[in-house]
Amino acid sequence: MRMILGLDRPTSGTALVGGVPYHEIRYPLRTVGALLDARAVHPGRSCRAHLLALARGNGITRSRVEEVLETVGLAGVAGRRAGVLSLGMSQRLGIAAALLGDPDVLMFDEPVNGLDPDGVRWVRDLMRSLAEQGRTVFVSSHLMSEMQLTADHLVVIGKGRLIMDAPLAAVIAQSSLTAVVVRSPHAGDLSVRLRAAGIGVERVGENAIVATGAGIERIGDLAYEAGVRLHELSTREASLEQAYQELTASSVEYGVQRASV
Amino acid sequence: MAVKELGQTIGAEWTKLWSVRSTWWCLTGAAVLMVLSALTLGGATATELRRAGGEGARLVVSEPVISATSFVQFALVTLAMLTITSEYASGGIRTTLQATPIRGRMLAAKALVVAPVMFAAGVVSGGIASAVTYAVLSTRMFGGYAVLPPAETTLDLLALGAFLALVSVMTLGVGAAMRSAAGTLTVVFMLLMGLPLMLAMTGGQVALEVSMRMPMFAGLAFMGSTDNLTGGPIPYSPGEGLAWLIGWTAAGVAAGYAVLRRRDA
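Line by line, the protein sequences give chains E and V. Note that my numbering numbers the first sequence so that position 173 is 173, with each residue one more than the last. The number in my numbering is simply the position in the second sequence, starting from 1, with 1000 added.
A hint or two may mislead.
Only part of the chain E face toward chain V is listed, based on derived beta-carbon distances under 7 Å [said to hold, decoys possible]:
id, residue
1, Met-1
2, Leu-5
3, Asp-8
4, Pro-10
5, Pro-28
6, His-42
7, Gly-44
8, Ala-53
9, Gly-119
10, Arg-121
11, Trp-122
12, Leu-126
Covered, in the sense of this in silico footprint (three residues per stretch, anywhere, with C-beta under 8 Å from a C-beta of chain E), are these stretches of chain V [unchecked claim]:
id, stretch
13, 1018-1027
14, 1110-1123
15, 1151-1158
The set of hints was computed from the structure by calculation and includes no laboratory data. Predicted, not measured: the structure shown is a model, and the values here were computed from it. Note that the Cβ used here is the ideal one computed from N, Cα and C, for glycine as well.
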């Protein structure tokens, strides 16, 4: 993200926003709004003055400053110094700065870190609504459950390398932990049949099996052909966290070994 | 085309400068310090004149004001430094560079805000100090030697403002290169006072020649001060003093720009 914004120089390659390097954009805040570090504000400057300075540098009107303060719910404390704000309020100030130029691209680095549940929900809803308005919202996070609720498309990077670049649904579908749960009074017969078709089967109870490696339709068809009655046929989705761990198992930078005594 | 954007960046820097308390503290501190040290230095000179029985002697009050600048400058240099080092300390520099990714423009805008503000601060605080010093030292108690010649005082105050503007911009450049407040203040203090005094005190001819070209004595020469703290006169004209000052300022800014361009923010 810092490279995209021209703050850090990449070892090799280039980062472009809409086809141009960031520093060639005439008024960058009107194209890309980014929140990297909510605390990166002079602690002695008021929220309003902070936003006003950013606005003046990018030809943004004063009324827009009041508008974004209103949007993020800081209008009441606009005159307060940034240093006395709570982490949640700082985060809101950072988001206000990102929204200031009404940009088409928004970047948020770990936007919900340190927020209370209400704050987390507010950020999630805001990001979804920005995306629904047709903007590109680029979020980085280590909170997989949060991303599962928020993201449409995933880019996974491990040890500085791209591991995955795919829609969220595809990432979850390809996980080995995504499976089909089948309950049937003839679970034993069905297991034999499914194994013969090359499908992984795990017996999880008297009448239940979990099948991996085939879609729900295929398993339903095979059961029908075998004349096996089914009491349940359902998909058990892997969580994003599980899928992520499978993907990155080999590229964890500072991993811990499972403790053994 | 880029002029308009530079103007807007200057607007942003202007807003930033006036929206923190340290600006007001530094400016007020500089003015108070200027009055007090000009009074003290002027009072000492007046007392000496009186003791020597100097009938008809005159004390141009802008002279102690200029001598006082050697101390007062640090309040203003600190303010100039803070315009950049406070951004590195808080991380705000990244927000600044997001808004103005062209780093040269950002530095230029800061310099173009700092220079006129410091010029004005020098002229105004020097003016106040001159007036107060004159009011006090023209009394009978101090022998009434103090004079306030309008033309000379005006020129002295303008030179004072220009000197402060130049050393402040130099400090801004050093700040951009060093990034930390402690490092910047150390380097600037050594340039403005530590090194020239140390070199002058060694007494060697080369060391003395070098020290006379450093910003401190170059500034005193430029401001037409005869009082160079070492007894001997500064061996060149005010114009040459200005040239040396501009050289030091350019060097500071160049160093800051070089680091700003190369290093990650």
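Hints, verified against the model:
no. : hint      : in the structure
1   : Met-1     : violated (11 Å)
2   : Leu-5     : holds (6 Å)
3   : Asp-8     : holds (4 Å)
4   : Pro-10    : violated (10 Å)
5   : Pro-28    : holds (6 Å)
6   : His-42    : holds (5 Å)
7   : Gly-44    : holds (4 Å)
8   : Ala-53    : holds (4 Å)
9   : Gly-119   : violated (21 Å)
10  : Arg-121   : violated (26 Å)
11  : Trp-122   : violated (22 Å)
12  : Leu-126   : violated (19 Å)
13  : 1018-1027 : holds (count 4)
14  : 1110-1123 : violated (count 0)
15  : 1151-1158 : violated (count 0)
Checked against the numbered hints above, the structure violates hints 1, 4, 9, 10, 11, 12, 14, 15; every other hint is satisfied.
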